[in-house]
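Turn these sequences into a full structure, and let the hints guide you.
With this note's numbering applied, the sequence shown corresponds to residues 7 to 91, in that order.
Note that these hints are calculated values from the structure, not bench results. From the three backbone atoms N, C-alpha and C, an ideal C-beta is built for every residue, glycine too. Fair warning: there could be bad hints in the mix.
Label pairs and their in silico Cβ distance ranges [said to hold, decoys possible]:
| id | residue 1 | residue 2 | range |
| --- | --- | --- | --- |
| 1 | N85 | P38 | 31 to 41 Å |
| 2 | I75 | N8 | 28 to 38 Å |
| 3 | V51 | F12 | 19 to 29 Å |
| 4 | N85 | K57 | 18 to 28 Å |
| 5 | K41 | V86 | 32 to 42 Å |
| 6 | K65 | V14 | 34 to 44 Å |
| 7 | N42 | I82 | 26 to 36 Å |
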Amino acid sequence: MNTSTFIVNTVDFLSSAIFVLIFIRIILSWIPSAKNPLTQFVFDVTEPILKPIRRFNPKGSPLDLSPIIVIILIEIIRNVILRML
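Written out as structure tokens, the structure reads:
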């Protein structure tokens, strides 16, 4: 496997993993008091990614759009990196 293929596979894996974890977090946010090690892991991994985007949410807004924005940004970054190779 050459370096280019390794980078493509790594970028694809990481972007897919982040997407899945954010999707799981969205689902878990609808379940009241879902406290277990898996839930804690998902929140611990995704919070550093979502928190900077959440700062731009309007105050008092009942809808948190940060997961959608992060998913879009990750796809844009992924596509830019893959096109550069």
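Status of each hint after checking the structure:
| no. | hint | in the structure |
| --- | --- | --- |
| 1 | N85 - P38: 31 to 41 Å | holds (37 Å) |
| 2 | I75 - N8: 28 to 38 Å | holds (34 Å) |
| 3 | V51 - F12: 19 to 29 Å | holds (23 Å) |
| 4 | N85 - K57: 18 to 28 Å | holds (24 Å) |
| 5 | K41 - V86: 32 to 42 Å | holds (38 Å) |
| 6 | K65 - V14: 34 to 44 Å | holds (41 Å) |
| 7 | N42 - I82: 26 to 36 Å | holds (33 Å) |
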